[in-house]
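Number of protein chains: 2
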Amino acid sequence: MDNLDLMREISVSSPTKILLVVMDGLGGLPSPKTGKTELETANTPNLDQLAGKGLCGLIDPVSPGIIPGSAPAHLALFGYDPFRFKVGRGVVEAMGIDFELKPGDIAARGNFCTVDKAGLVTDRRAGRISTEKCAELCQLLDGWMIDGVKIFVSPVKEHRFITVFRGKGLEPEVSDSDPQQVGIAPQTIIALNPKASVMATVANKFIAQARKALANHHPANMVLLRGFSRRPNLPTMPAVYKLKPAAIASYPMYRGLARLVGMAVLETGASIKEEFDTLKQNYNNYDFFFLHIKGTDSAGEDGDFERKARVIEEVDSALPVLLRLEPDVIVVTGDHSTPALLRGHSWHPVPIILYSRWCRPDKVDRFSESACISGGLGRFPATQVMPLAMAHALKLTKFGA
Amino acid sequence: MDNLDLMREISVSSPTKILLVVMDGLGGLPSPKTGKTELETANTPNLDQLAGKGLCGLIDPVSPGIIPGSAPAHLALFGYDPFRFKVGRGVVEAMGIDFELKPGDIAARGNFCTVDKAGLVTDRRAGRISTEKCAELCQLLDGWMIDGVKIFVSPVKEHRFITVFRGKGLEPEVSDSDPQQVGIAPQTIIALNPKASVMATVANKFIAQARKALANHHPANMVLLRGFSRRPNLPTMPAVYKLKPAAIASYPMYRGLARLVGMAVLETGASIKEEFDTLKQNYNNYDFFFLHIKGTDSAGEDGDFERKARVIEEVDSALPVLLRLEPDVIVVTGDHSTPALLRGHSWHPVPIILYSRWCRPDKVDRFSESACISGGLGRFPATQVMPLAMAHALKLTKFGA
Numbered sequence: 001m002d003n004l005d006l007m008r009e010i011s012v013s014s015p016t017k018i019l020l021v022v023m024d025g026l027g028g029l030p031s032p033k034t035g036k037t038e039l040e041t042a043n044t045p046n047l048d049q050l051a052g053k054g055l056c057g058l059i060d061p062v063s064p065g066i067i068p069g070s071a072p073a074h075l076a077l078f079g080y081d082p083f084r085f086k087v088g089r090g091v092v093e094a095m096g097i098d099f100e101l102k103p104g105d106i107a108a109r110g111n112f113c114t115v116d117k118a119g120l121v122t123d124r125r126a127g128r129i130s131t132e133k134c135a136e137l138c139q140l141l142d143g144w145m146i147d148g149v150k151i152f153v154s155p156v157k158e159h160r161f162i163t164v165f166r167g168k169g170l171e172p173e174v175s176d177s178d179p180q181q182v183g184i185a186p187q188t189i190i191a192l193n194p195k196a197s198v199m200a201t202v203a204n205k206f207i208a209q210a211r212k213a214l215a216n217h218h219p220a221n222m223v224l225l226r227g228f229s230r231r232p233n234l235p236t237m238p239a240v241y242k243l244k245p246a247a248i249a250s251y252p253m254y255r256g257l258a259r260l261v262g263m264a265v266l267e268t269g270a271s272i273k274e275e276f277d278t279l280k281q282n283y284n285n286y287d288f289f290f291l292h293i294k295g296t297d298s299a300g301e302d303g304d305f306e307r308k309a310r311v312i313e314e315v316d317s318a319l320p321v322l323l324r325l326e327p328d329v330i331v332v333t334g335d336h337s338t339p340a341l342l343r344g345h346s347w348h349p350v351p352i353i354l355y356s357r358w359c360r361p362d363k364v365d366r367f368s369e370s371a372c373i374s375g376g377l378g379r380f381p382a383t384q385v386m387p388l389a390m391a392h393a394l395k396l397t398k399f400g401a
Numbered sequence: 402m403d404n405l406d407l408m409r410e411i412s413v414s415s416p417t418k419i420l421l422v423v424m425d426g427l428g429g430l431p432s433p434k435t436g437k438t439e440l441e442t443a444n445t446p447n448l449d450q451l452a453g454k455g456l457c458g459l460i461d462p463v464s465p466g467i468i469p470g471s472a473p474a475h476l477a478l479f480g481y482d483p484f485r486f487k488v489g490r491g492v493v494e495a496m497g498i499d500f501e502l503k504p505g506d507i508a509a510r511g512n513f514c515t516v517d518k519a520g521l522v523t524d525r526r527a528g529r530i531s532t533e534k535c536a537e538l539c540q541l542l543d544g545w546m547i548d549g550v551k552i553f554v555s556p557v558k559e560h561r562f563i564t565v566f567r568g569k570g571l572e573p574e575v576s577d578s579d580p581q582q583v584g585i586a587p588q589t590i591i592a593l594n595p596k597a598s599v600m601a602t603v604a605n606k607f608i609a610q611a612r613k614a615l616a617n618h619h620p621a622n623m624v625l626l627r628g629f630s631r632r633p634n635l636p637t638m639p640a641v642y643k644l645k646p647a648a649i650a651s652y653p654m655y656r657g658l659a660r661l662v663g664m665a666v667l668e669t670g671a672s673i674k675e676e677f678d679t680l681k682q683n684y685n686n687y688d689f690f691f692l693h694i695k696g697t698d699s700a701g702e703d704g705d706f707e708r709k710a711r712v713i714e715e716v717d718s719a720l721p722v723l724l725r726l727e728p729d730v731i732v733v734t735g736d737h738s739t740p741a742l743l744r745g746h747s748w749h750p751v752p753i754i755l756y757s758r759w760c761r762p763d764k765v766d767r768f769s770e771s772a773c774i775s776g777g778l779g780r781f782p783a784t785q786v787m788p789l790a791m792a793h794a795l796k797l798t799k800f801g802a
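Read top to bottom, the protein sequences are chains F and E.
When you line the first sequence up against our numbering, it's residues 1 to 401, in that order.
When you line the second sequence up against our numbering, it's residues 402 to 802, in that order.
Worth flagging that the hints you see were computed from the coordinates, not collected in a lab.
Note that the Cβ used here is the ideal one computed from N, Cα and C, for glycine as well.
Worth double-checking, as some hints may not be accurate.
Within a straight-line C-alpha distance of at most 27 Å, the following computed DSSO-like cross-link-like pairs (lysine-lysine) qualify [said to hold, decoys possible]: (1) E:695 x E:681; (2) E:764 x F:33; (3) F:195 x F:168; (4) E:764 x F:36; (5) F:168 x F:102; (6) E:606 x E:551; (7) E:799 x F:86; (8) F:363 x E:454; (9) E:764 x F:53; (10) E:418 x F:33; (11) E:454 x F:36; (12) E:799 x F:36; (13) E:606 x F:363.
Pulled from the structure, derived: some chain E residues nowhere near chain F, Cβ distances all over 10 Å [claimed, not checked]: (14) 503; (15) 718; (16) 785.
Extracted from the complex, chain F is given alone in its bound form (with noise of 0.2 Å):
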């Protein structure tokens, strides 16, 4: 049976209220001058105290070994089988620059490339051109109509772009003209399926008039594009959890993805301490509120030890906040682990608490990836999370007679 089936079948609408706080990328590797990870070298003093009042373990996001994207990562921490539900690189891209996608909508990943004059492309990145750059050619190609089909171009940093296709009959099921390797030329984009034969035509016109257009524009004298796809139509949290969900997010993929599965997407600044008070200014409102914290993740990504441990500091700071209010169920984790060693997401698992009144306390009374291995909750699927977290809020009802 799947999960969200499962939860639609005995969740209960109740007052208590579920925090689940992300630092996007929290699981780490040691140092090796100290033999500890970020999180293990961070001063975490109120961090530690909840993992000693509630539970801790490690969870896998999407499966042991896999490194996941953001995508699928969030969507498991959020109840969902990241192999069922599946959102494409066109619509995550689209969702990170806050592109409205209407349900018809096709986005794809675009980048401005550059090819010789034989039509092999040279670099796929056409030399990393500025955002500014990136801004300007995309107003070149903005707005064009093509067959019928409105296509909408807007840049989103360095040489990426995301293009959306507006009009009927268009279906996602398309190959990528990106051929992923210099050397070779754009490939002309297939319907992999027969009813995606007009988005294959009216992307490979883009194509032909984009090459036009750019001409005179080298290094970015052409565009790859890859990961056509629409907006997916996901059960929604309040559907299947009968929640009021709320999120905190100040990047905007992470917003997009709330609102794909429902959630009142809140505005707030973007320093960990207003997202903080967001929450607490709309306490009252919601009883679910997913909490995303971006800056551990942009640390890893940059390779950057001593600065995700510090904004896991921040975090540990601000926590009374959070904790003043009560929840009933607060759970602290990552979607995956962004080790400043490997500068990108990894697979390694990722530590979690998960504290209420009604856990069965374990033994950890330290939020660190070695003492999570020896916690009550062990090792376990991160779409678990959600189920747990519900038990713990007492809002399910038994299963079975």
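Given the coordinates of chain F, assemble chain E onto it according to the supplied hints.
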């Protein structure tokens, strides 16, 4: 999503190397005298040091409580779901004597047995005749043609032999003739699928002719056949993992299993030292090595606790040869447990070490069943060993956007 489909999607070729050392039947049970298992009794400074630097845990070869055969246990270690990918008994036995099965061949496991004048089985193993006698009797039956089907009969050990049927229109879905008990007659082989009627007819004719040919060879005056099966068409490790894998195993069955999943099978001497030398000599030519050590299992099957401990010590002493090659990932484990106290395969989970410079070490610094309980890998299905090894060798890309 199936493990292999996922790996096929996200695996990439890279120069890093993975070494999978399988001590067959490694897991044990404590001696009533000392309270220590075979592994805990052995003096293993090198394995303990590796455990200290790496991650430890316990694997369930098939699932908790299930006693695995060698084929499912190995397939699981290679990442193949043992419930989905099955290798029939006949095929396993044929591989065990290096019989080269062609694509359409059907193999069955055979027993010489004793029947009385009424045709009832009195001994399913014909008094465990010698292997020499078995070979002599196999020659009487080998090479027959029945209804255009060529029949090969080859000795295995004592009363055991294999029969391979080669011809057109043969399908393996037929019942066994072996009644698995004495006091009743060998069963008529029945087609369990209409397509398998030729196979059933030929097998029944073979058995009738064999009975005549063996009439004067009491106690081996009849044959019992079971486990009719065809060599399965498994996805290969090069296709799934983009690896160039090699197997070092002295027992034919394990070489056969390795061939089934597309490994190169290296010529090797049978001793542990010779196997390790084979690895060293071939180290530059492959990026994945499956090194199989049989002695642990044989000692366990013989109920020889001390010998099993000594084989483990021998592996430990030779280990520096492998460590000096500095593979990127080293996995040391077993395919299943074979406690000397049980004199056979058992369901007990199997200790595992996974070492890589990218592992997040735990506090286990002793390679033993009891220490592995608190290891950072936790307790997990053997099918996840390969995804973890691939991840730690940086051979997997991100899943999802």
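So, going through the hints one by one against the coordinates:
1. E:695 x E:681: The hint holds at about 19 Å.
2. E:764 x F:33: Measuring from Cα to Cα gives roughly 17 Å; hence the hint holds.
3. F:195 x F:168: Given pair residue 195 of chain F, residue 168 of chain F holds - Cα atoms ~12 Å apart, limit 27 Å.
4. E:764 x F:36: Between residue 764 of chain E and residue 36 of chain F the Cα gap is close to 12 Å, so the pair holds against 27 Å.
5. F:168 x F:102: The hint holds at about 12 Å.
6. E:606 x E:551: holds, 13 Å
7. E:799 x F:86: Holds - the C-alpha atoms of residue 86 of chain F and residue 799 of chain E are around 14 Å apart, at most 27 Å.
8. F:363 x E:454: holds, 25 Å
9. E:764 x F:53: holds, 23 Å
10. E:418 x F:33: Given pair residue 418 of chain E, residue 33 of chain F holds - Cα atoms ~26 Å apart, limit 27 Å.
11. E:454 x F:36: The given pair, whose Cα atoms are some 14 Å apart, holds under the 27 Å limit.
12. E:799 x F:36: Roughly 25 Å between the alpha carbons, so the hint for residue 799 of chain E and residue 36 of chain F holds.
13. E:606 x F:363: violated, 68 Å
14. 503: Non-interface label on residue 503 of chain E holds, nearest chain F Cβ at 36 Å vs cutoff 10 Å.
15. 718: holds, 29 Å
16. 785: With a cut-off of 10 Å, residue 785 of chain E comes too close to chain F, as the shortest Cβ separation is near 5 Å.
The earlier numbered hints that this structure contradicts are 13 and 16.
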